[in-house]
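What follows is the residue order along each chain.
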Amino acid sequence: EPEVTQTPSHQVTQMGQEVILRCVPISNHLYFYWYRQILGQKVEFLVSFYNNEISEKSEIFDDQFSVERPDGSNFTLKIRSTKLEDSAMYFCASSEGQQYGYTFGSGTRLTVV
Amino acid sequence: GQQLNQSPQSMFIQEGEDVSMNCTSSSIFNTWLWYKQDPGEGPVLLIALYKAGELTSNGRLTAQFGITRKDSFLNISASIPSDVGIYFCAGTYSGNTPLVFGKGTRLSVIA
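The listed protein sequences correspond, in order, to chains A and B.
When the letters of the first sequence are read in order and numbered with the numbering used here, they come out as residues 1 to 113.
When the letters of the second sequence are read in order and numbered with the numbering used here, they come out as residues 1 to 111.
Keeping only pairs whose Cα atoms sit at most 30 Å apart, straight-line, the calculated DSS-like set for lysine-lysine is:
| id | chain 1 | residue 1 | chain 2 | residue 2 |
| --- | --- | --- | --- | --- |
| 1 | A | K83 | B | K103 |
| 2 | B | K51 | B | K103 |
| 3 | A | K42 | A | K57 |
| 4 | A | K42 | A | K78 |
| 5 | A | K42 | A | K83 |
| 6 | A | K78 | A | K57 |
| 7 | B | K103 | A | K42 |
| 8 | A | K57 | B | K51 |
| 9 | B | K70 | B | K103 |
| 10 | A | K42 | B | K51 |
| 11 | B | K70 | B | K51 |
| 12 | A | K42 | B | K70 |
| 13 | A | K83 | A | K57 |
| 14 | A | K78 | B | K103 |
| 15 | B | K103 | A | K57 |
| 16 | B | K70 | A | K57 |
Have a look at the derived ranges for each label pair, beta carbon to beta carbon:
| id | chain 1 | residue 1 | chain 2 | residue 2 | range |
| --- | --- | --- | --- | --- | --- |
| 17 | B | A78 | A | I54 | 41 to 47 Å |
| 18 | B | I28 | A | E56 | 17 to 23 Å |
| 19 | A | E85 | B | Y50 | 33 to 39 Å |
| 20 | A | I38 | B | S108 | 20 to 26 Å |
| 21 | A | N52 | B | I80 | 43 to 49 Å |
Calculated directly from the structure, the hints in this document are not laboratory data.
None of the values given here were measured: they were computed from a predicted structure.
Just so you know, even glycine gets a beta-carbon here, dropped at the ideal spot from N, CA and C.
Build out the structure end to end from the sequences listed, making use of the hints.
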């Protein structure tokens, strides 16, 4: 079964530092997403990416966040200057189309101290 | 943004019992999905529904896309301990919008 792979599984960073979360989506999928889940809360949409550009972003996805597909397989989320409230699980997902079920990775647990 | 109301928030049931949870939206949705999340893992797709009135099963799980397009339910029959986890409904209200999630139903199964 194809899967979405995320690295690292855990990341601890100091407030103000930059972090890059990495994802390898399913190879024939065209849409890529980042979601986050603060502990005990619901899964929240951050950004969707299609055809090498952002197609939609939420109000959470401010100027501190950016996404990139640096090559044909990786999809990254960068947080420029982390804040304590950025601590959460970050999930990457991919899909064949936005109206189809998304496949999620296992997530990166980001802890900002 | 779009809000999904998912209920109940949590459930404690005996092994072997049936479970039902549901989700409602104030807007018409074109796709309803049900995911399960185990601790420390990402959501795993259980059932996808694409047509109003559609009733789909996946083993002991059955989900329906409501006729009004504003609701969906998930039933689990004869629950077992490995059904424990958080169940999320999710949906899109057009083909160009990303998936939005409900707040989840935390299911506990007592052996």
